[in-house]
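S.K.: In order, the protein sequence lines correspond to chains D and F. Taking my numbering, the leading residue of the first sequence gets 1, the next gets one more, and so forth. Taking my numbering, the leading residue of the second sequence gets 1, the next gets one more, and so forth.
Derived by calculation from the structure, the hints in this document are not laboratory data. Computed from a prediction, not measured in an experiment: that's the story for all the values here. Every residue gets a Cβ at the ideal spot worked out from N, C-alpha and C, and that includes glycine. Careful, some of the hints might be misleading.
What the hints assert, rightly or not - Result set (DMTMM-like, lysine to aspartate or glutamate): computed pairs, CA atoms no more than 25 Å apart in a straight line: (1) LYS301(D) to GLU61(D); (2) LYS212(F) to ASP121(D); (3) LYS212(F) to ASP48(D); (4) LYS228(F) to ASP403(F); (5) LYS257(D) to GLU96(D); (6) LYS49(D) to ASP306(D); (7) LYS378(D) to ASP265(D); (8) LYS212(F) to GLU361(D); (9) LYS254(D) to GLU96(D); (10) LYS228(F) to ASP211(F); (11) LYS363(D) to GLU96(D); (12) LYS228(F) to GLU295(F); (13) LYS412(F) to ASP160(F); (14) LYS412(F) to GLU61(D); (15) LYS301(D) to ASP48(D); (16) LYS363(D) to GLU61(D); (17) LYS363(D) to ASP160(F); (18) LYS363(D) to ASP211(F); (19) LYS378(D) to GLU295(F); (20) LYS412(F) to GLU115(D); (21) LYS63(F) to ASP281(F); (22) LYS378(D) to ASP294(F).
Claimed, not checked - Just the calculated beta-carbon pair ranges, DEER-fashion: (23) CYS16(F) to ILE376(D): 48 to 56 Å; (24) ILE394(F) to THR303(D): 17 to 25 Å; (25) GLN197(D) to ILE397(F): 50 to 58 Å.
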Amino acid sequence: MRKILASEALREILLPLGRMALFVVGAGALFSAIMFALAFLAQGSGADKLLLETHKMGILEYTLGQLPQVLIDGMTLGFVYAAIALGYTMVYGVLEFINFAHSEIFAIGAFVGVEFLIFMDRLGVLAAAGPLGSYMYLVLALAVAMIASGSVAVLMERTAYRPLRNSPRLVPLISAIGVSFALQDVIRMVESLTTGQFYRVIPTFGNFDERVALFSIPTGGAPIAVNIQVKSIVVIVAAVLMLVALNYIVNATKIGKAIRSVAQDRTTAALMGIGVNGIISFTFLIGGALGGAAGVLYALKFTRIDPFVGFMPGMKAFTAAVLGGIGNLTGALLGGICLGMLESFAGAYLGTFTMGRFGSEYKDIFAFLILIIVIIFKPSGLLGEQVSQKA
Amino acid sequence: MKPTLRERLGVLLAFCNKGRNPYWLTGGLIILGFVLVYLSPRSIPAFLLFVGGSSLAYFLEMKKPARLAFAVLVAIVLVPILGARNIFYLEVIFQIAVFSALALGLNIVVGFSGLLNFGYMAFYAVGAYLWGFFGSQQPFLLHEIPGTAPPGTPFFLAPDWFYLFIFLGIIVAAIVGLILGLPVLRVRGDYLAVITLAFGEIVRQLLNNLDKPLNLTNGPQGISPIQKPTLTPEVVAFFNQIFEPLVGRPVTANQFYNILFYLIAVAVVIFVIIITFRLDDSRIGRAWTAIREDELAASAMGIPANKLKLGAFAVGASFAGAMGVLFAASRTFISPESFTFLASVNVLTMVILGGIGSIPGVIVGAVVVTILNLQVLQSISLWLAQLRQSDAFIPIINFHWKDLSNQLDPSKYQRLVFGIILVLMMIYRPAGILPAGRRQRELEHVDSVIDDEVDSSIAPGAASSSGAVSKGKEDDHV
């Protein structure tokens, strides 16, 4: 195998960065345009009049004023989903099987990271840490969570999936559901046996809760301040770094080439001297590690986690993977960002536009509807190649 | 050579089936179990003996009328007596009946036609909310805030509409099954599983959120009270006249409701079992099997695969709809919490544990999982609680039981139990405890390799058009 040139390596780093920027801008612009059009059409409706009464501004103005905040939130959520979706999509690419238990890998990552931080907090070092120190502890928590989640994922593959590798497709799927349920209760058991409560709250430390004011939009009513939480920035930066690293591993290293070849044709890859089992374990390892890190980021963003925390993000990330084209890394990224944006838009505007008749609680339904629509009408997703469905 | 376990069991079975032995054994065990449960209503081994004895009527070889006689004796006479003495058993058996019907319905979808369905509880919810809505005050509360009812709000329908609604539940759930089935027809395998899961979650979220703009479902609080069918005092008096000496005390109207629901549930289950057996033996059943084994070949033979798949969804859904109506009436309270993904997986566990596609297997699965859930786990919890109260300790590691965290409550760890059951069954016995008679390619990979090779060599055009067959073959060889 020829060596990878430095310029090629650079390309593999810059290319995904460019793609991410493109996806964020593209998805943001698309959703904003749709929202703008809807607001334009809704002028003069009941919702418009209500807003004029309560906020002293029309629906168009209101929509535009909220837009930057919604975009920022959507982007944060989107990167978390993308990081989880990569785990689904990598396993699907290699084994053609939906790893249902990936949502619990995510939850394990969240719990291990948060437990680590709680432990550090109890030691007192977390409060004493300066701004730089707090970032160091966060990185440590991420690392611990990645190791734990990665190992659990490998163990899971070894015990529950490998014996079933040549079975018909529904068999490992059912096994994965079983693993998922069992892990939920294992987490709950461990957590509730240690302290009597099965949920955890991430300790407050560092300056993650501060808000950086970006700008404020003058309106007819009170000006709308646009700000971004430090932890949102941290989530975005960490997710982007991990996604670039993963992309580099898969596309520019020797082991990445092996992963791709196993995904393409397992038999031939084995004939070419690739240890298929090792590569599959490695795929679970990095997919799991990424999911675990996403868990810590999720905990950082939403502060409270419980053993069932993985289900919804897991389903949404799976939707993202399907939306982008399952088995396709870039697709998972695009799907994640789209879904994050969609959820953020639905959460922000649905209540306003329907005058409170349908609130933001319908945002989960949106994700499921998208999943159904994509699977029925375009099972290959936005970027995927034509995959046929197998029984 | 030492006889293997299987051979020993074979000898035992042969002895049990010899001459008149089956009749004596079954009758004896049923009576013994009955007497034991009658004398000590709280003993679980006695209850298991009773259930085991009753199931022998199915497993041993005997004449059909004798089997029926045993079944009628147990279902109509013995269980109501035991149930009147200890309502808890009636509850267990009622749940077994409900879950048997659900598992049989899911079995038609998953077992017969090979379509994995993770959102089965949605149909159950449809039935439950159908009677929950029309059988309560809810139609008059459409514009009220959830949870508030003006005093004196009448019920929408008279309670005895309940019986009609069992049939309506069948129809409405079947229609919902058709609606769900229509878009899903294009999808197979694991994508189908995920889609049905998404449908189930959507239904649950809708139930949770449809308290506005019109208060249809009362949101997360659920609907309550829901009416039960009326019960005239004469019926209770009649029952007491016959059974009071046996039960030992007169039965109140409230307790008699449990018996009534039990009897309705048993009637529905018998109906469901008959339909399932008839379907399995029919043209439709064989067509379902054909679709499950190879949809392409089945269509090529002229089987209308889409219609039959829709039919499977509708039939499976209708069983759940009927049981949903019954569930709503028996609980008088329903909320979205009863129709979660966990509940769907619960039913799936029964089907898989018992044996996908096998009717007796599925019923055994429902019995085992329900007893595990309601009795075994509960009693382990109780036992642990007692140990916690005591001074006992484990000698070698010097662990005092009273130090055991009271969070360790096995009855709360259903997910763990179900999860482990699913994984172990898939690894060691994918066909279930009582495998279905017909060979299942879905679960036997050894044959599927050969089949796939044959498929792709006979029909290269078909293989490339679906792409699935040829790719599956490569996977199987690794």
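S.K.: The structure should be examined with respect to each hint, and the outcome stated for every one.
M.R.: Going through the hints against the structure:
no.	hint	in the structure
1	LYS301(D) to GLU61(D)	29 Å, violated
2	LYS212(F) to ASP121(D)	44 Å, violated
3	LYS212(F) to ASP48(D)	20 Å, holds
4	LYS228(F) to ASP403(F)	46 Å, violated
5	LYS257(D) to GLU96(D)	18 Å, holds
6	LYS49(D) to ASP306(D)	41 Å, violated
7	LYS378(D) to ASP265(D)	24 Å, holds
8	LYS212(F) to GLU361(D)	12 Å, holds
9	LYS254(D) to GLU96(D)	22 Å, holds
10	LYS228(F) to ASP211(F)	24 Å, holds
11	LYS363(D) to GLU96(D)	29 Å, violated
12	LYS228(F) to GLU295(F)	45 Å, violated
13	LYS412(F) to ASP160(F)	37 Å, violated
14	LYS412(F) to GLU61(D)	51 Å, violated
15	LYS301(D) to ASP48(D)	32 Å, violated
16	LYS363(D) to GLU61(D)	23 Å, holds
17	LYS363(D) to ASP160(F)	40 Å, violated
18	LYS363(D) to ASP211(F)	16 Å, holds
19	LYS378(D) to GLU295(F)	21 Å, holds
20	LYS412(F) to GLU115(D)	23 Å, holds
21	LYS63(F) to ASP281(F)	21 Å, holds
22	LYS378(D) to ASP294(F)	23 Å, holds
23	CYS16(F) to ILE376(D): 48 to 56 Å	52 Å, holds
24	ILE394(F) to THR303(D): 17 to 25 Å	39 Å, violated
25	GLN197(D) to ILE397(F): 50 to 58 Å	26 Å, violated
In this structure, the hints that do not hold are numbers 1, 2, 4, 6, 11, 12, 13, 14, 15, 17, 24 and 25, in rising order.
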